[in-house]
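J.: As a plain string of letters, each chain reads:
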Amino acid sequence: MVIWSQGEEMSQQPEQIRLNALRELEGITGIDGLESWRVRYLGRKGELTMILRGLSALPLEERKTVGASANRVRADLEESLRRKAEELKAELEKRAVRGGGAELARGDITLPGRHYPLGRLHPITQTLDAMCDIFASMGFQVMEGPEVEWDYYNFEALNIPGEHPARDTMSTCWVESEAEREDRLRLLRTHTTAVSARVIETMEPPIRVIEPGKIYRYEASDATHVPMFHQVDGLVVDKGITMADLKGTLYEFARRYFGEDRKVRFRCDYFPFVEPGVEMAIDCLVCNGKGCRLCGDSGWIEILGAGMTHPDVLRRGGIDPDVYTSFAFGIGVERPHMLRYGVDDIRLYFGSDLRFLRQF
Amino acid sequence: MKASLNWLEEYVDITLPLDDVLNRLTMAGFEGRVLQSIGDSWEGIVIGQITAVNPHPNADRLTLVTIDLGPRQETVVCGAPNVAVGARVAFAPVGSQLINPHTGKTERLKSARIRGVVSSGMACSEKELGISENHEGILVLPAEAPVGTPLADYLGDVVINLDVTPNRPDCLSIIGISREIAALTGQDIHLPGVSYQEGASSVDQHISVEISAPDLCPRYCASLITGVKLAESPGWMQQRLVACGMRPINNVVDVTNYVMLEYGQPLHAFDYERLRGKKIIVRRAADSEMIVSLDGVERVLSRDMLVIADEERSVAVAGVMGGANSEVTEQTTSILLEAASFNPASIHYTGRTLSMPSEACMRFERGISPELTTATLKRATQLIAELGGGEAAGGIIDVYPGRVEPEPITITTGEVKRVLGIEFSPEQIVGALASLGFDCRQAGSGAEVVATAPYWRSDINLPVDLIEEVARIIGYDEIPMTMLSQPIPRQNPEPVIGLKREVRRVLTGLGFQEIISYTLTSLELLSRLLPESHSPAITPLRVTNPMTVEQEYLRPDLRANLLSAFSANRGRLDSGIRIFELGRVYLPRERDLPDEVEVLCGVLGGPRHEKSWYDDEKSVDFFDAKGVVQALLGQLGVAAGFEGCRDESLHPAKQAAIVADGRNVGVVGELHPGVLEAFEIAESVYLFEISLPALLPFTVGHRIFQPIPRFPAIVRDMALVIDAGVAHQRVVDIIESFPLVEQVAIFDVYTGDQVPPGKKSLAYRVTYQSPAHTLTDEEVKRVQKRILDRLSQELGAGLRG
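Protein chains in written order, with the working numbering: chain A, 1 to 360; chain B, 361 to 1161.
Here chain A stands alone, though its shape is the one from the complex (with noise of 0.2 Å):
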């Protein structure tokens, strides 16, 4: 047995734990065995670091090289670790794989996934959004009422009086009364436009708004007709509104919901409570212009009502026509979805048949 003189013995243990290490290392397999190893060799309470805690004992000159020794074989053990680590890594992931392939080989990888069951929105829900989020982007807000409502603000405040042919127009489903006699009369909504009227009465210019909702007429149903839909008026009232405005904006929509091919078209119509009264369209989805069933052989089909804001309009609700200008405008809301995607049955929309809805 060689007896080391101390200086000898704790110069040399620095490398002597280095090769036990080393040794010890090489024979480790898992990820597992290299923690315990690190433990050991490397942690606070490791050979070297004890070690090194012991270095102030020593005289200077020893202290010098044995800690200069142990910080290097330090060092490489650490990178040693590393190198390991990636080898082991690389071992397993390999081995990963090839189990893997194995066991693909043996299953059958054309069986169905697992199923997740996916919900949707209604699509009348997801062209309210989608037109709502196009006028959102040009700053306006979105304003609900009420769909049972006064006859004033569907038909009177509009410059649509008692006996107004344009009431013939719009079917309406009255709403009884408890009362034998009520001086006003309650309706189901024949547009959102009512809503205009209320936004025309409460609001303050300037305003920007855009009211998606139900509306309902006293129809028969068939393949064209029900008796409640759904309609998103507009309005905008601020100083210096024109009907380039109109134009501009409508113009805008129309690109952003139906494409930029669609050409479209703008002509005169009439609507009481606007003037000059509008009428968009857009060139047949179908026939590209040319003419065709859908589109009755003209070629367009409407997609909108718009127009200035009738003066009397506004200033029945309080603002000044003198003042402020104010367009206004009403989006059907199954026609375009209809048109987008083939339906020929608006029926169907309020069928809650998940054959149908599920297409969406």
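Any given hint might turn out to be false.
Unchecked claim - With a straight-line Cα cutoff of 20 Å, these simulated SDA-like cross-link-like pairs (lysine to any residue) come out:
#1 A:239 with B:849
#2 B:777 with A:311
#3 A:214 with B:953
#4 A:239 with B:777
#5 A:214 with B:860
#6 A:214 with B:907
#7 A:263 with B:383
#8 B:978 with A:117
#9 B:860 with A:132
#10 B:971 with A:112
#11 B:777 with A:38
#12 B:860 with A:124
#13 A:263 with B:387
#14 A:239 with B:387
#15 A:290 with B:971
#16 B:860 with A:120
#17 B:971 with A:117
Please keep in mind that the hints were generated in silico from the structure rather than gathered at the bench.
Dock chain B against chain A, hints included.
T.: Chain B in isolation, oriented as in the chain A frame:
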């Protein structure tokens, strides 16, 4: 409004292709299209006259008809009952294109031998020519039809249809449409000249007119024609009436209709001899006054209606329909012709209340100018005198209490620009308005235009009305497109609008399909939800004029619609069904509009997973529905609990109220078996229902960031044995009340052999964590011991051995 192109061309030169004209009309507010091209396919078909009708040698029902075509004669075999010598007919030679009346298809006429006799063509029916559906006999033309002339030259026409908006009653007439075409194509209009021989005696010697309700009748004009002989009206007039969609009757009635179509002013012809007292009184009807109208129906009138009366009784419902008691008949020889102006609202009310829509009514209720009456009356008087061989009395009656002088309207180029966003010169403005017959002059420094509307434009009252005319005539296409340049107004959206979107997003994320159902429903459907009481606690709002009994009441909840939808879909699908609706229910309020409450309702039933290769087909249960509610509330940041409740539509033992801060915001549960039976559903179905306004206050903006824990958690499981009647929630409440307890999850519920009778075993996984330090085993053990002590004291729970 249907219009004959031939007729229009009488008043305006049509210089552009018809498609261009229709396009200009469409852009200017009158959507126009070609309805029918009469005579396009009539090549070779000519007018002939029957010169002989002989029996067919081999067939009793057929005849051999000889037709003179001018240069030649042809003989055809004919089966029609109305062949007669002298009749003018349409002869189609072999090779002509005709409609086969049996198939409706266009075919070429082939040479044929019929029962041994060769037919060299045929005499055509209206149906074969495509004019009408009539195939009773051959078309017999008026005697003036020129023999040898191509039929297309005589009968050919194009019928167009224009959609006339309610503000333009002036264009419910051929002249009105001609005026629009003239303005849009830069042409002039030429109106029919009116002149006729007037008799010696003045009309006032024969009749007097009194208006006792001038508010409802601003003007009443009348003329008298005596010695009239009723007959068929001439072919040209009949053709035009038919082209415009009216049925020819006799020369007097046809003239009133013809002139109405021509000018837009309705007329009415009375049998003068049947008017008692030789007096016309325009008055309000008495309440419950009766009149038998021309269609033979007895009508009950009211004070709000206007009648034309003689001295003894009403003889017409003014502007709506004539009375049978003064109707023109074959015996009539003297005609009192009326052209009057009536209050539009009153006519609309009367026509609507009596359900008597008519061409006259449609024009009056839109407000036609009182100035139209005289020109129209004179034109009709002339035509009746001409066609009926009568004599017009001198002058006309004209009672005009409601005369209003036309007011000039001033607009400036600045106002036009303010509305349209484009500058038009005063000359452009004047040019556009003048082309429509406005009387215009420039004023001020030249930037002002003063315009007086022509009498037929009763729709023009304000400067914006003029601005629309300018835009319409110059063209909407001239107006540029600009984006809104004003600053975006301040936004204050209703929070419930955002909440609705979020709720829909979460529900679809959880696999639910949204539906939208009719908000109108029936009491019968609603009563299916009430297996015990059968009648709803609140009476839903009723529609006074329901279209069907299924759509009579405004829904007070969404449940019935969702269950109907579930039931209907179950008939088609055997997979799991998860549907929801987010919509309004309508709760009546006294003397006010109903409270419209946004409600979320969802139903689910059927297998939790689709039938598959990896899983069994377990059905959903109460805890699926509750899980959905908890997921939704969690996402919305609502701290809510579940408490027992009593909802008649739900299974008494499987339902819970959703309670937030002591307030009821909704309910979740299994449907009552009686309800399921009523909806013909043969499986368990679960429902949740949440009122959004009730939920809203608990959702808005109270969530505060929680720091991510910095120190490790320690997880310990504990299995308790406890009385079967103790609710899980009581255990959790106790465990959660201890400090360091971060989370409690139940992972097993067991009753059976392994635990004593009357007991159950609940297994919990408790996560301990400190925000301040790493927990030690000892700390956790201490807390766990205290928890067990308390569970033991308060609930009699013990650890399961």
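J.: Are the hints correct? Go through all of them and say.
T.: Status of the hints after comparison with the structure:
1. This hinted pair checks out: residue 239 of chain A and residue 849 of chain B have alpha carbons roughly 12 Å apart, not beyond 20 Å.
2. With a C-alpha separation of about 16 Å, the suggested pairing of residue 777 of chain B with residue 311 of chain A holds against the 20 Å cut-off.
3. The suggested pairing of residue 214 of chain A with residue 953 of chain B holds, with an alpha-carbon distance near 16 Å, which does not exceed 20 Å.
4. For a cut-off of 20 Å, the pair hint linking residue 239 of chain A to residue 777 of chain B stands: about 13 Å separates their Cα positions.
5. Only pairs whose Cα atoms come within 20 Å are accepted, and residue 214 of chain A paired with residue 860 of chain B is accepted, the gap being roughly 15 Å.
6. Using a Cα cut-off of 20 Å, the hinted pair residue 214 of chain A and residue 907 of chain B holds, with the two alpha carbons roughly 17 Å apart.
7. The hinted pair formed by residue 263 of chain A and residue 383 of chain B meets the criterion: a straight-line CA distance of about 16 Å does not exceed 20 Å.
8. Between residue 978 of chain B and residue 117 of chain A the CA atoms are separated by roughly 15 Å; this keeps the pair inside 20 Å, and the hint holds.
9. Taking the CA atoms of residue 860 of chain B and residue 132 of chain A, the gap is about 14 Å. The hint holds against a cut of 20 Å.
10. Between the alpha carbons of residue 971 of chain B and residue 112 of chain A the distance comes to roughly 12 Å, so the proposed pair stays at or under 20 Å and holds.
11. Under the criterion of a C-alpha separation no larger than 20 Å, the hint pairing residue 777 of chain B with residue 38 of chain A is inconsistent with the structure, at around 85 Å.
12. Proposed proximity of residue 860 of chain B and residue 124 of chain A is supported: the alpha carbons are some 14 Å apart, at most 20 Å.
13. For the hint pairing residue 263 of chain A with residue 387 of chain B, the CA-to-CA distance comes to about 15 Å; that is within 20 Å, so the pair holds.
14. Restraint check: the Cα-Cα separation between residue 239 of chain A and residue 387 of chain B comes to about 28 Å, which exceeds 20 Å; the hinted pair is violated.
15. Between residue 290 of chain A and residue 971 of chain B the CA atoms are separated by roughly 49 Å; this puts the pair beyond 20 Å, and the hint is violated.
16. About 15 Å separates the Cα atoms of residue 860 of chain B and residue 120 of chain A, which keeps this hinted pair within 20 Å; it holds.
17. A C-alpha spacing of about 13 Å is found between residue 971 of chain B and residue 117 of chain A, which places the hinted pair at or below 20 Å, so the restraint holds.
In the structure shown, a violation is registered for the earlier hints numbered 11, 14 and 15, in ascending order.
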